[in-house]
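Asks: Residue-level listing of the chains:
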Amino acid sequence: MDAGDGTSPGGAAVVQPRPALVKVRAPGREWWFLPLRILSVVVLLGAWQAFGGQERSGIEFLPRFSDVVQGLVSLVQDDEFWRATRDTVQVLVLGYALTVVVGIPIGVVMGAKHIVRRALRPLVGILLATPIAPLVPILIIMLGIGISARVATIFILAVPILIENTAASVATVPRRLVDMGHSFGASRRQLAMAVIVPASLPGIFAGLRLAAGRAVVGMVVGELIIASAGLGQLIQLYSTTFDAPKLFATVVAVLLIGLGAVQLVQIAERRSGRWRR
Amino acid sequence: MSDGHRRVRVDSVTKLFPNAQGGTFTALQDVTFDVGDFEFLSIIGPSGSGKTTLLRILGGLEFPEHGAVVIDEAEVRGPGRERAIVFQDFALLPWRSVLGNVVFPLELRRVAKGERDRRAHEAITLVGLAGFEDYYPNMLSGGMQQRVGLARALAVEPEVLLMDEPFGALDAQTRTVLQDELLQIWERDRKTVVFVTHDMAEAVFLSDRVLILSANPGTVHRVVTVELPRPRLDELRRTAEFADLVGDVWETLQTLTR
Ligand SMILES: Nc1ncnc2c1ncn2[C@@H]1O[C@H](COP(=O)(O)OP(=O)(O)O)[C@@H](O)[C@H]1O
Ligand SMILES: [Mg+2]
Numbered sequence: 001m002d003a004g005d006g007t008s009p010g011g012a013a014v015v016q017p018r019p020a021l022v023k024v025r026a027p028g029r030e031w032w033f034l035p036l037r038i039l040s041v042v043v044l045l046g047a048w049q050a051f052g053g054q055e056r057s058g059i060e061f062l063p064r065f066s067d068v069v070q071g072l073v074s075l076v077q078d079d080e081f082w083r084a085t086r087d088t089v090q091v092l093v094l095g096y097a098l099t100v101v102v103g104i105p106i107g108v109v110m111g112a113k114h115i116v117r118r119a120l121r122p123l124v125g126i127l128l129a130t131p132i133a134p135l136v137p138i139l140i141i142m143l144g145i146g147i148s149a150r151v152a153t154i155f156i157l158a159v160p161i162l163i164e165n166t167a168a169s170v171a172t173v174p175r176r177l178v179d180m181g182h183s184f185g186a187s188r189r190q191l192a193m194a195v196i197v198p199a200s201l202p203g204i205f206a207g208l209r210l211a212a213g214r215a216v217v218g219m220v221v222g223e224l225i226i227a228s229a230g231l232g233q234l235i236q237l238y239s240t241t242f243d244a245p246k247l248f249a250t251v252v253a254v255l256l257i258g259l260g261a262v263q264l265v266q267i268a269e270r271r272s273g274r275w276r277r
Numbered sequence: 001m002s003d004g005h006r007r008v009r010v011d012s013v014t015k016l017f018p019n020a021q022g023g024t025f026t027a028l029q030d031v032t033f034d035v036g037d038f039e040f041l042s043i044i045g046p047s048g049s050g051k052t053t054l055l056r057i058l059g060g061l062e063f064p065e066h067g068a069v070v071i072d073e074a075e076v077r078g079p080g081r082e083r084a085i086v087f088q089d090f091a092l093l094p095w096r097s098v099l100g101n102v103v104f105p106l107e108l109r110r111v112a113k114g115e116r117d118r119r120a121h122e123a124i125t126l127v128g129l130a131g132f133e134d135y136y137p138n139m140l141s142g143g144m145q146q147r148v149g150l151a152r153a154l155a156v157e158p159e160v161l162l163m164d165e166p167f168g169a170l171d172a173q174t175r176t177v178l179q180d181e182l183l184q185i186w187e188r189d190r191k192t193v194v195f196v197t198h199d200m201a202e203a204v205f206l207s208d209r210v211l212i213l214s215a216n217p218g219t220v221h222r223v224v225t226v227e228l229p230r231p232r233l234d235e236l237r238r239t240a241e242f243a244d245l246v247g248d249v250w251e252t253l254q255t256l257t258r
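Same order as they appear, the protein sequences are chains U and P. For the first sequence, counting from 1, position 269 maps to 269 in the working numbering; every step adds exactly one. For the second sequence, counting from 1, position 18 maps to 18 in the working numbering; every step adds exactly one.
Keep in mind that the hints were calculated from the coordinates and are not lab data. Remember, predicted model here, so these are calculated numbers, not experimental data. Treat the hints loosely; a few may be bogus.
[Stated by the list, open to error] A short list of chain P residues far from chain U (calculated; beta carbon distances all over 12 angstroms):
1. Glu62
2. Gln88
3. Glu107
4. Asp189
5. Glu227
[To be verified] Which bits of chain P does chain U cover? Going by a derived footprint, with three or more residues having C-beta under 8 angstroms, they are:
6. 75-84
7. 250-257
[To be verified] Below, simulated DMTMM-like cross-link-like pairs (lysine to aspartate or glutamate); rule was C-alpha separation at most 25 angstroms, straight line:
8. Lys191/P to Asp208/P
9. Lys113/U to Asp208/P
10. Lys113/U to Glu65/P
Note that beta-carbon positions come from the ideal geometry of N, C-alpha and C, so glycine has one too.
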């Protein structure tokens, strides 16, 4: 191999290919970055600890940080908590999977077909702007208080942003790539799978990330309103019994699930993105 | 030299586009010409004379309002296996390696993996990119990217090669190197080539005939036959005969752009 010598075998003037992985220090990766991060968290938690635990009309409205940690510890030892967490995660996974399976194909067709875009745009726009809470009672009437209504809540909240992002990036796939695929005889399906979807991946992943965030919101809203199971039911329980430490601990658990979901999408995104434009 | 039977027939092709005023714009009007078997034909003309449109019609990506393109007695109704296009802007898939880009059309045609890789490696070697199989397009210079574009077209073993200003985006030096290499490849494995360019020296150096289009609407203005001997080597560019032919094409184009 003569990949490095700067000339091609044909003797042509060829630029030296750039090394694939030049390590560039990303901004914010200086040595003091981590200590600073830790410090800011410590200050925040210290303030929380200092101001927490005050009482108003006999009720502790902000538990101390240490109380919340204690609440977390006792929750983690509680089977009920784990059952609720499993239930919540299961609904989230179902709702998100449905969002992906339905959202991406619709987005692709919308981005590729002008007529479909015209037809669906307003609907997607309305869904994007609609507050979800008033819809939940309707979903309950339609689907009952089982898993379906909660999955549907997640789906309705998450799917429009995924459709929107997918469609927008499909619509801007360079025409020359589509022509190229076409000229070599790609079928419709081949064109979609081998050219359009991979070319749109950055936009699709942006949609997946935003949809994951909204799915978590849908999960929480659904459980708070439906409250038949899951962490939402625990939150209801602890708030009606004024068990602030456990309430906060449960909310932290929900936040962690949300963070985890978004993190998973980002890992998938990094895995798929070996190439840069 | 179109001594063989004709391979491509462009018959009274007229192409209209909608214009901004809601009317129609005639991009090509009544364009007629043949391309012989194994002939190297260049199409040159001022910008806007419909060169790209004509090539896209030949490729089956665009359809004429009147007239037809006939290849091997069959009217062109879309892209076909006997043709391959080399695009001006390379049109490489940025997420695929050199090898991945070259095997791409073979994957579409469901060529078996072993055969696919063999043909791709052959084409990659032919364009001088052996050893670069695992590079991604963004790691390559423009010249190397277009070699990939050429290898991809060669890998499908087309009978008719359609090239739209393939070297137009490259610097002058790289351009002449690629012209030389293209001719070497073509001498070894002759194909019918339709080559769009706006570079007169390039058209003369490569071609058996140069078809000159005039603009508004695009029509065949003149066909110049290039009787220079083959194989053509770089030295040819510095001969008087070559300069005369380029001058001839240049003067014709001057009258068209005025
Ligand atoms: N899709 C299109 N819609 C409308 N007008 C077009 C389209 N494609 C090309 N044209 C017009 O047709 C004319 C010829 O274009 P083109 O074939 O690209 O010329 P060239 O390649 O010779 O520069 C130009 O005036 C261009 O604006
Ligand atoms: Mg053009």
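Asks: Work down the list of hints and note, for each, if the structure agrees.
Replies: Hints, verified against the model:
no.	hint	in the structure
1	Glu62	10 angstroms, violated
2	Gln88	9 angstroms, violated
3	Glu107	7 angstroms, violated
4	Asp189	16 angstroms, holds
5	Glu227	28 angstroms, holds
6	75-84	holds (count 5)
7	250-257	violated (count 0)
8	Lys191/P to Asp208/P	12 angstroms, holds
9	Lys113/U to Asp208/P	43 angstroms, violated
10	Lys113/U to Glu65/P	24 angstroms, holds
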